[in-house]
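Number of protein chains: 2
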Amino acid sequence: MTTTTSIHDVISSDRVEGTSVYNAAGDKLGTIDDLMIDKISGQVRYAVMEFGGFLGMGTDRYPIPWNMLKYDTAQDGYVVPLDKAKLEGAPRYADDDVPDYDEAYSSSVNKYYGF
Amino acid sequence: MTTTTSIHDVISSDRVEGTSVYNAAGDKLGTIDDLMIDKISGQVRYAVMEFGGFLGMGTDRYPIPWNMLKYDTAQDGYVVPLDKAKLEGAPRYADDDVPDYDEAYSSSVNKYYGF
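Chains as they are written, first to last, in numbering that gives the first Met the number 0: chain A, 0 to 114; chain B, 0 to 114.
To be clear, the hints were calculated from the coordinates, so they are not data collected in a lab. Please note that the accuracy of each hint is not assured.
Identical copies go unnamed one by one, so any copy, or any two together, can satisfy a pair.
[To be verified] Using 16 Å as the maximum straight-line C-alpha spacing, the simulated EDC-like pairs for lysine to aspartate or glutamate come out as follows:
(1) K38 <-> D75
(2) K38 <-> E16
(3) K69 <-> E102
(4) K27 <-> D101
(5) K27 <-> D13
(6) K27 <-> D75
(7) K38 <-> D94
(8) K38 <-> D71
(9) K110 <-> E16
(10) K38 <-> D8
(11) K85 <-> D8
(12) K85 <-> D59
(13) K27 <-> D94
(14) K83 <-> D8
Just chain A, same shape as in the assembly:
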């Protein structure tokens, strides 16, 4: 896989919704529904993923720490090392019930994924 990084590789926040997410085997898991961005630094902290019924995961939203995502230019999407077993116990919420991303919540998400 050839991955080239350039200043060109920017995406509008308006277009983030719907960016595809794949597992390491190249299977499409779902899409990014939203991003949670640090207001001060401008760094994306979490990609909020929708698995769209993949593996029976339903329509809940899953916040994933940004540094778990690797961008793959060939697929024009992100790859995350996640499987059903890991996701079954993962932090999630309904689309219309977004939690307050306070320190307690953020810590619980980070801890779940080993950060």
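Use these hints to put chain B onto chain A, whose structure you have.
The following block gives chain B in isolation, referenced to the frame of chain A:
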């Protein structure tokens, strides 16, 4: 002014539209219309601003390098050191005519603001 930084200070990309932007004197200049995000690093590169007729600037969109924005918790918005003279010659585009953010375009924006 007291500015506290915590892991709590995240904002949904869905809610970025409409975040207020002020000048150093505290006058509201306009709002953020969009963010341009580095796909690889997850770092916001540009805030795309709308000045909403401020100072007769019209409805064009102005990409501003992210590191020019300072978040002010007291105003719950961003402060940028911009005045009319600087904006009159600044890179801009119509909302329905977004340029390709390639290296040439990005470089021209950065250069205009001295980066």
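*asked:* Of all the hints numbered above, which does this structure not satisfy? Sort the numbers upward.
replied: 3, 4, 5, 7, 9, 11, 13 and 14
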